[in-house]
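Chemist: These are the residues of each chain, in order.
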Amino acid sequence: MKDLFASLYNKVLSFFHQAESKDKESAKDVACNRLKLVLMQDRTNLSPAIMERMRNELIDLLSKYLELDRELLDLNLAQEDDQMALMLSIPVIRAKDEKEIEEILKAEDEEKNKESQEEDDDENNDTDSQEDNFEEEDDDDDFSSDDDGEENVDIEEDNDENIEEIEDNETK
Amino acid sequence: MTGRVIVITSGKGGVGKTTTSANIGTALAKAGNKVVLIDTDIGLRNLDLLLGLENRIVYTIVDVVEERCKLRQALVKDKKNPNLSLLAAAQTRDKTSVNADQLKDICEQLKKKYDFILVDCPAGIEQGFQNAVAGASEAIVVTTPEMSAVRDADRIIGLLEAREEIESYKLLLNRVRPNLIESNDMMSVEDVVEILSAELIGVIPEDTGIITSTNKGEPIVNDDESLAGQAYRNVARRIMGEDVPFLDLRQPKGFVEKIKNLFTKLKGKV
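Each protein sequence line maps, in turn, to chains A and B. When you number the first sequence by this note's numbering, it's gap-free, plus one each residue, and the end is 172. When you number the second sequence by this note's numbering, it's gap-free, plus one each residue, and the end is 1270.
Please keep in mind that the hints were generated in silico from the structure rather than gathered at the bench. Check the hints yourself; a few may be wrong.
Claimed, not checked - Some chain A residues near chain B, calculated using beta-carbon distances under 8 Å:
{"no.": "1", "residue": "K24"}
{"no.": "2", "residue": "S26"}
{"no.": "3", "residue": "A27"}
{"no.": "4", "residue": "K28"}
{"no.": "5", "residue": "A31"}
{"no.": "6", "residue": "C32"}
{"no.": "7", "residue": "R34"}
{"no.": "8", "residue": "L35"}
{"no.": "9", "residue": "L37"}
{"no.": "10", "residue": "L39"}
{"no.": "11", "residue": "D42"}
Every residue, glycine too, gets a C-beta built ideally from N, C-alpha and C.
Go ahead and model the full structure; you've got the sequences and the hints to work with.
Modeler: Following this line, the structure appears as structure tokens:
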């Protein structure tokens, strides 16, 4: 008898709590989140394609000095009070050692010198060849770093912990 | 005397710019200020209807600009309140009939004789908006707690911030439905203020009385019983510099709500 009452009571309760028990994201939260995202885009005028390009260029730049996890890289614009901030979160696999960096920079300098000599070339061709070279360089780094990584234990750091955050402030 | 020129704008249509203009104007006039309302929605004029002045309009803003009449001839006095005047928009012309400089000039002239010049802006961000904003130094951005209205308000705020002559802008949140906010189905006042990061000057509840007041050509601020009317009167007082607390818009709860609450409390104890 007591159980019967208890179950009845619970049923009545659950009836009145139907709305609350649906613990899904409320319409209000969905609206707020969607709005925040869309306003961010409205305010910056940066298209997804441009953002993607910026992301890739940043990776290329930083890859010269650090071995990065490209897949997990996260680039976002966020609103903080009155300022807009560029939030960049990059998992660093390891920092490259000086020798590697020197090699890359040297190769880059040589490339630049070569380009300045080949001034007859079309501008478009120039930029194309530059981009191609960049990609090749990156691939080489990845291979060479694997070998060196085992020797340089000092520099190798934990994958998960080492997340670099770079914040660039832009005016609104 | 130097009056204050305040533009009432929103970006999106249908959020209550004209209703807001009519009510704030009437409330300011009732409080003893000399007020002119300018309808800049040329081709789609409505402010005259909301004030019940549609039969009294002889000259419009276009007549003033094209020098068919003097500015003071085109000002239509309100039926009840001699402190309130309307400069109507022309219905048969379009928004290119008046330019920004001409509107600025009209505002400058009116500033000398009136305390407040409220400019009712057309929807959109094109020429009509640029004209309406031209003579103003303050702005009230009207929005509702809906995504499209908030997005458009954000755009308008961006445009207002880019204009040096606009010294300040405030947010007026219209058509707020407290019961939907309470059930988390609608963005709250705080949400909208946070997203737009703008200062709030008023929160107006959704009120069916607005429909009847529009039908009668009688602004709802004249109805002492109405909550929306009270909210608009408070906005007018804030414009005049008073520090007025925001109304508690929650309606008294019905029987079912009370029972629900009782069960919520019981569940907490069990």
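Chemist: The hint names A:K24 as touching chain B; please verify it with the least Cβ-Cβ distance against 8 Å.
Modeler: For A:K24, the interface hint is violated, since the closest Cβ of chain B sits about 10 Å away, which is over 8 Å.
Chemist: Using the nearest Cβ pair, does A:C32 come within less than 8 Å of chain B?
Modeler: Holds: closest Cβ of chain B sits about 5 Å from A:C32, inside 8 Å.
Chemist: Does the interface hint hold: is A:L37 within less than 8 Å of chain B, judged Cβ to Cβ?
Modeler: Given a least distance of 11 Å, the restraint on A:L37 is violated.
Chemist: Mind checking the CB of A:A27 against every CB in chain B and telling me if the closest is under 8 Å?
Modeler: holds, 5 Å
Chemist: Holds or violated: A:S26 as interface residue toward chain B, Cβ cutoff 8 Å?
Modeler: holds, 4 Å
Chemist: Under 8 Å, Cβ to Cβ, is where A:L35 needs to be relative to chain B, so tell me if that hint holds or is violated.
Modeler: Nearest chain B Cβ about 5 Å off; hint holds.
Chemist: Min Cβ distance, A:D42 to chain B: is it shorter than 8 Å?
Modeler: Interface hint status for A:D42: holds (7 Å vs cutoff 8 Å).
Chemist: When the nearest CB of chain B is found for A:L39, is that gap smaller than 8 Å?
Modeler: holds, 5 Å
Chemist: Min Cβ distance, A:R34 to chain B: is it shorter than 8 Å?
Modeler: holds, 7 Å
Chemist: Under 8 Å, Cβ to Cβ, is where A:K28 needs to be relative to chain B, so tell me if that hint holds or is violated.
Modeler: Holds, about 5 Å.
Chemist: Using the nearest Cβ pair, does A:A31 come within less than 8 Å of chain B?
Modeler: Hint holds; A:A31 Cβ to chain B Cβ min 5 Å, cut 8 Å.
Checked against the numbered hints above, the structure violates hints 1 and 9; every other hint is satisfied.
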